[in-house]
Each structure stands twice: as C-alpha cells, then as structure tokens.
Amino acid sequence: MKRIVLVLIAVFWLSMPAWPADHEVVDVSVTGLACPFCAFSVEKSLSKLSGVDSVTVNLAAHQVRVIMQAEHTADLQQIKQAIVNAGFTPGEVSRSTAQE
Amino acid sequence: MRPSLALERIAVGILAAGSAWGAPVTINTALPVGGGEFVARGMVVVSQSGEDPGATDRDHSATSLVTVLGYGVTHKLALFGVLPYVDKKLDFTEAGGRISRSASGLGDVSVFARYTLVQHDQPGRTFRIAPFAGVKAPTGDDDIRDIFGRLPPSVQPGSGAWDVFGGIVATYQTLALQTDGQVSYRVNNKANGFDPGDELRLDGSLQYRLWPRQLGGGVPSFLYGVLETNLVHRGRNEVNGDDDANSGGTTVFLSPGLQYVSKRWIVEGVVQFPVVQNLHGSALENDYVLRAGVRINF
Chain A
0 MKRIVLVLIA
10 VFWLSMPAWP
20 ADHEVVDVSV
30 TGLACPFCAF
40 SVEKSLSKLS
50 GVDSVTVNLA
60 AHQVRVIMQA
70 EHTADLQQIK
80 QAIVNAGFTP
90 GEVSRSTAQE
Chain D
0 MRPSLALERI
10 AVGILAAGSA
20 WGAPVTINTA
30 LPVGGGEFVA
40 RGMVVVSQSG
50 EDPGATDRDH
60 SATSLVTVLG
70 YGVTHKLALF
80 GVLPYVDKKL
90 DFTEAGGRIS
100 RSASGLGDVS
110 VFARYTLVQH
120 DQPGRTFRIA
130 PFAGVKAPTG
140 DDDIRDIFGR
150 LPPSVQPGSG
160 AWDVFGGIVA
170 TYQTLALQTD
180 GQVSYRVNNK
190 ANGFDPGDEL
200 RLDGSLQYRL
210 WPRQLGGGVP
220 SFLYGVLETN
230 LVHRGRNEVN
240 GDDDANSGGT
250 TVFLSPGLQY
260 VSKRWIVEGV
270 VQFPVVQNLH
280 GSALENDYVL
290 RAGVRINF
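Sequence lines, in order, name chains A and D. So for the first sequence, numbering that gives the first Met the number 0 puts the first residue at 0; every next one is plus one. So for the second sequence, numbering that gives the first Met the number 0 puts the first residue at 0; every next one is plus one.
Simulated from the structure, these hints should not be mistaken for lab results. Beta carbons: idealized from backbone N, C-alpha and C, even for Gly. Heads up, a few of these hints could be off.
As the list claims (entries may be wrong) - Across the chosen pairs, the derived CB separations fall in these ranges:
#1 D:V293 / A:L75: 30 to 40 Å
#2 D:Y114 / A:D74: 22 to 32 Å
#3 D:V110 / A:S53: 11 to 21 Å
#4 A:G50 / D:A291: 39 to 49 Å
#5 A:L75 / D:Y114: 39 to 49 Å
#6 A:D21 / D:V270: 49 to 59 Å
#7 D:L68 / A:Q77: 19 to 29 Å
#8 D:V293 / A:S95: 52 to 62 Å
#9 A:T72 / D:L199: 32 to 42 Å
#10 D:F272 / A:Q76: 44 to 54 Å
#11 D:A291 / A:S53: 44 to 54 Å
#12 A:G50 / D:N191: 52 to 62 Å
#13 A:Q98 / D:T173: 32 to 42 Å
#14 A:T72 / D:G80: 36 to 46 Å
Chain A extracted, bound-state conformation:
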C-alpha cells in the first residue's frame, strides 16, 4: 500500500504542468553588433515579437537575452529573423527557464 501511495505521488508530480510563473529564457549570440544605437534596433525588433516579456543586450558579450512571458514558448526562427531584420546576424542559441 505504501508503495502504491508513493507511485501515485510520483505520478502526480510528474504529470504537473510547468509552473505558470516560469519564463522561458533564450540567449542568442549576435554578430555585427558594435554600438549602442545598433543595440536598440535589435531590442526594438525583438520586443515586437508576440509573447516577449523583455529583451536585454550585452554588447561586450555579443549576447542578446530574450525573456518570454509566462506560458509563452519562444519561436527560435522568429527570434533569429527579428535579429536579421534589425540588420545583424544571429548565432548560437541556448534555452533555459527562469522563475519569476
């Protein structure tokens, strides 16, 4: 009986959806970006995407971080295209999750 209860608890936790407060974080390396004025163009372009909560650029690290709104999944192709539309070249992408 004890084993069955443990299994049920495990199944319950494993079947739980992600917490609503979780935010998907996408880090993209961007090449060609070398001035503050240009960085703003990238921020603007990415901020227009659906579900994007915030965008931050780190010029020295050549990185752009896109934080999605809760319960929104990042579309990597859209993110890359937004960087291209701003006039720059997207590189490696990594995804992670951050809690609110």
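We have chain A; now place chain D onto it with these hints.
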C-alpha cells in the same frame, strides 16, 4: 559677386545628412536601418566664407537646419528624405559702399536610397559596403529678389534644378572604433542660365571610443573622438553657356569633433577646417564649417 556654390553645398552636406547611426558626422555610413524602423536626424550647419582675394571683399555665410528621416524598407534597403531650411547672406563692396543681400527659406529636398551590398559580421565587429543614389528636387525658392534685383544663385535657398547623385560607402566598426570611407559624385544641372559644376567627393572618417575605456555589461553609452577628412573637387560653373573662371577647384577639410552615442539618441559636433583650398581664379575660400546635431532612434 558670386562665391563658389560648392561652399554652401558643402555646408548643407546632403549625403552626410543621410547617416543616422553611431556614424560619421560629415558623410554617410553603411550601418543598417532595421526593416520597418525609422531614424531621424536634426543638424545645424554653419558655413563661413571670407578671405576674398578680390577688391569686392565678399563675405558669404550660410546657416542650415537640416532634417533627415530614414526608413528601413528591409534590413538591406533604406530610404532617406532630407529637408533643409537655409539662411544665406552675401556681403560685398561695390562703388564704395557695402551691400548686403540675403534670403532664407526651405531649400531643395533630397531623397535617396542605400542598399547594403556586402555584410560581413563577426562578434563585436562588422564590415559593410553600401552604394547609394538619389535625386535633389528644386523645391526651394530660386527666384528671390531684393532692391538690387534677382539674388545670385549662391544666396537663393534653392538651385532651381533637378540634380542626381550617387556613390558608395564602406564601414568597418568594432566595439572600440569605426572607420568609414566614401566616394560620391553629384551632377549639378542647369537652371536660370546657371550651370553649377559637378562635384566629386572622397571622404574618410575615424571614430575612436574615448569612454568608457572598459566595457561592462549591458549597453553603455559611448563617447567617441571623431576625426574626418573630406576632399571636394568641383568643376567650373557655367553662366549662360560660358565657363566661370572664378569658380570650382579642390578643397580638403580636416574635421575634429566629439560624438556621444546612447541607445536612443546621439549628440555630436565637428568643426571642418579647410586645410587645402586650390580654387580657380578668385573663387571665395571657406573659413570653416561647423556642424552640430542630434539623431534619434524611435
């Protein structure tokens, strides 16, 4: 009585007005305008010309307020519109008296397109080449008169002619510095019996980040030291079909300045000093050109 028209055209600097990024002050750049994005630039240009070698002791001054709007059709193709407001004055001595003639008003509107032909991006740096071409429309008044009659072309706000221009600009930008080089040519057309000489320009620019010395995280604002040079060669004018021997020639400017660049706006200023003026006949030499302005990314 006619100072070289090249002086005021240098002062307005239509091609320079097209650049709207962290970029050269007196010339264009190959850096992008994002697709669907607008950038704007406002600039004050003050040009002073004196040192008249002739007996008329001419003194020509021009102040221009230049407004530029740029739009990125795509990330490679950008369109620009340039609208100057000009205030010009020519003083000279004639028959023992000092005469002053002046005019002000909206000048000629220019529109041009620029396409990024080469884009080579690396982390923290980019190299781009972009040709551009455009047209200047005769929207400014070219028939202003005073008590002495019709003002000379050098004082009219507009030229009265459709002109075309084009060129190519290359930009190499890193987080520490930026260099730009530009070659351009302008065909100045005839109006009211006056045909200004065509203009060939070779321009270069170096911007070096003075502050911050070390980059931290995020997007810090940059203070650049700016040094630019402009070689302007102008053909002789024609008046009623005859060459004006006292017009045209070559001028080389050296232009130090400062530029503060943040994410949303840029404040900048340079002073253009003529270091070489090889002008024909008694064409009026330039004393200096002052440029100051802001650019806004919105």
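Hints, one by one, checked against the model:
1. D:V293 / A:L75: 30 to 40 Å: 37 Å, holds
2. D:Y114 / A:D74: 22 to 32 Å: 29 Å Cβ-Cβ, so the 22 to 32 Å window holds.
3. D:V110 / A:S53: 11 to 21 Å: 37 Å, violated
4. A:G50 / D:A291: 39 to 49 Å: Roughly 42 Å apart at Cβ, these two residues keep to the hinted range, so it holds.
5. A:L75 / D:Y114: 39 to 49 Å: 28 Å, violated
6. A:D21 / D:V270: 49 to 59 Å: 56 Å, holds
7. D:L68 / A:Q77: 19 to 29 Å: 28 Å, holds
8. D:V293 / A:S95: 52 to 62 Å: 39 Å, violated
9. A:T72 / D:L199: 32 to 42 Å: Once the Cβ atoms are compared, 55 Å apart, the range 32 to 42 Å for L199 (chain D) and T72 (chain A) is violated.
10. D:F272 / A:Q76: 44 to 54 Å: 51 Å, holds
11. D:A291 / A:S53: 44 to 54 Å: 35 Å, violated
12. A:G50 / D:N191: 52 to 62 Å: The hinted range 52 to 62 Å holds for G50 (chain A) and N191 (chain D), with Cβ atoms some 60 Å apart.
13. A:Q98 / D:T173: 32 to 42 Å: Cβ of Q98 (chain A) to Cβ of T173 (chain D): about 37 Å, so the range 32 to 42 Å holds.
14. A:T72 / D:G80: 36 to 46 Å: Hint holds: Cβ distance 40 Å, inside 36 to 46 Å.
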